[in-house]
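Build the full structure now, drawing on both the sequences and the hints.
First to last, the sequence lines map onto chains E and S.
With the first sequence counted from 1, adding 5 to any position gets you the working numbering.
With the second sequence counted from 1, adding 38 to any position gets you the working numbering.
Think of the hints as simulated: they come from the structure by calculation, not from any bench.
Glycine residues also receive a C-beta, built at the ideal position from the N, C-alpha and C atoms.
Some hints here could point you the wrong way.
[What the hints assert, rightly or not] Some chain E residues judged to face chain S by a derived CB distance under 7 Å, without partners named:
1. Arg55
2. Ala70
3. His229
4. Met230
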Amino acid sequence: MSERLSVRKTYKLYIGGAFPRSESGRSYVVTGAKGEFLANASKASRKDVRDAVTAARKAFPGWSAATAYNRGQILYRIAEMLEGRRSQFVSEVAEADGVSGKKAGELVDAAVDRLVWYAGWSDKISSLRGSSNPVAGPYFNLSTPEPTGVVGIVAPPMGPLFGLVSVIAPVIVTGNTCVVIASERAPLPSITLAEVLATSDLPGGVVNILTGSSAEMAPWLAGHMDVNGIDLTGADAELAQKCEELAAENLKRVLRPNGKTDWAADPGTGRMTAFLETKTVWHPIGI
Amino acid sequence: MVSIPTASSNASLRASLHGLPGVDRVGADARAAGLGTRSIKTTAKRQAIDMAISMVDLTTLEGADTRGKVRAMCAKAVHPDPTDPTVPRVAAVCVYPDLVAEARDVVGSSGVKVASVATAFPSGRSSLEVKVADTAMAVAAGADEIDMVIDRGAFLSGDYLKVFEEIQAIKEACGEAHLKVILETGELATYDNVRRASWLAMMAGGDFIKTSTGKVQPAATLPVTLVMLEAVRDFRDREGRMVGVKPAGGIRTTKDAIKMLVLVNETAGPDWLDPDWFRLGASSVLNDLLMQRQKLTTGRYAGPDYFTLD
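Structure, rendered in structure tokens:
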């Protein structure tokens, strides 16, 4: 009997709930921590950025109108599905970061826990950020948080799974949709995460994941007039400055953390509140 | 083959129209799809976008149309992008007959034409008297162009003479106004019927042939437009009279519009690349054209938040 051929996985992009190749047809070689060949990944172009933004915009009305309870359930579901693929993620994280299997297992567990943690915030964030305001007149005055819209995310280069989950979850749990530029160095866990998202009841287009050069794609995202916010966590100083300048044109919300983020620490609510707007309603009393 | 104007009986019309060569459906689909893959970039794209804008018949044909909505749309027709005066105006606005006066008032002498649908649009199910009165009312209100619908029921049951005489009667009621004949290709079932209806409309005196009302799917597909462009080309070769073409309905993106322009140039020829001879019946495509234009100018992707809703 002949030896069985190995079936290798093709890593593609994740746009609008589908897994297309880059429109440019480009790909690049992804290597492990020791420089060994891991896989070829799609190298997305500006047109893939454009398509991803279109998909995210299309998904926004439905996702932002879903109840907080529903969004929380779906985030929790993502955590469940991620847990079910634990062994695959452990080996991908171990290869990408060059860490031991035990350490990689801890990182995957931390990513699952982070999702569960953010899932719990879905119906609580409005209590934290909303308020009833005393005003000088016969009115109820209520403020509630609303999602900003389409958010571009430059994912951190390190922590290909834990870091990625820690930037995506806070953006989508409040009702935003996003376009994520995955870690250029270690993009493979992000596409496996996309497979998890695609089977987690998360509507297509809420999260769109692009692999390739962040220096090439991020400026298009930052300059796009239909993107409402941008998270520059994974951009180096030079790229972040360029993106921040481009983002000024349509007054995007910009999240540019100072220094290195410690993903293991308590994340706080900052990443959620960075992409929330406040809506205030005046309602007359006694009519 | 086709002889004009011997349209005195159903039999002679039938002989003419059924004498037309059949359309190879697979070939037409493949030809249209092939032309749709042309890559139009940078300066050529910019020219194409400006040309497409100048060919748009900006349309609102909803039961919920108000005078205010028509006024807003007409203002947009004259100045599609208020932030950029280099954007050309569109060719025409297209409204229901009772709103023609409103549209006329806003477009004034800007050069934008006012087109009105008539003849019991969109079904065309009424008596000839009503259709003529409908047309006369729109013309009296100041319409430069009339978009009539043919009686598809009569056409499909082979009563070509009825359709022919109806178009002639409406043409007469139009007076100075241009007559566009809507074939409603989505209801004609075959490309052979599209070719026959095109010839029938041209023989009866239509100035334009238009694919669809926009109320029936499929509307202006590329192969149907291809068949109609071939018809106007052949008609000019034979009769020496040029007839315009207007695909309408389902044209939503700049890419769709540019594919249409390629089709015109390659099928009918560059003579038709003019707002007098080719129109795009649409509403949402204008914003996409403007967004693409802005992308070429500013180098950043434009967003719909910065353009008027329509």
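Verification of the supplied hints:
no., hint, in the structure
1, Arg55, "6 Å, holds"
2, Ala70, "18 Å, violated"
3, His229, "4 Å, holds"
4, Met230, "3 Å, holds"
Checked against the numbered hints given earlier, this structure breaks only hint 2.
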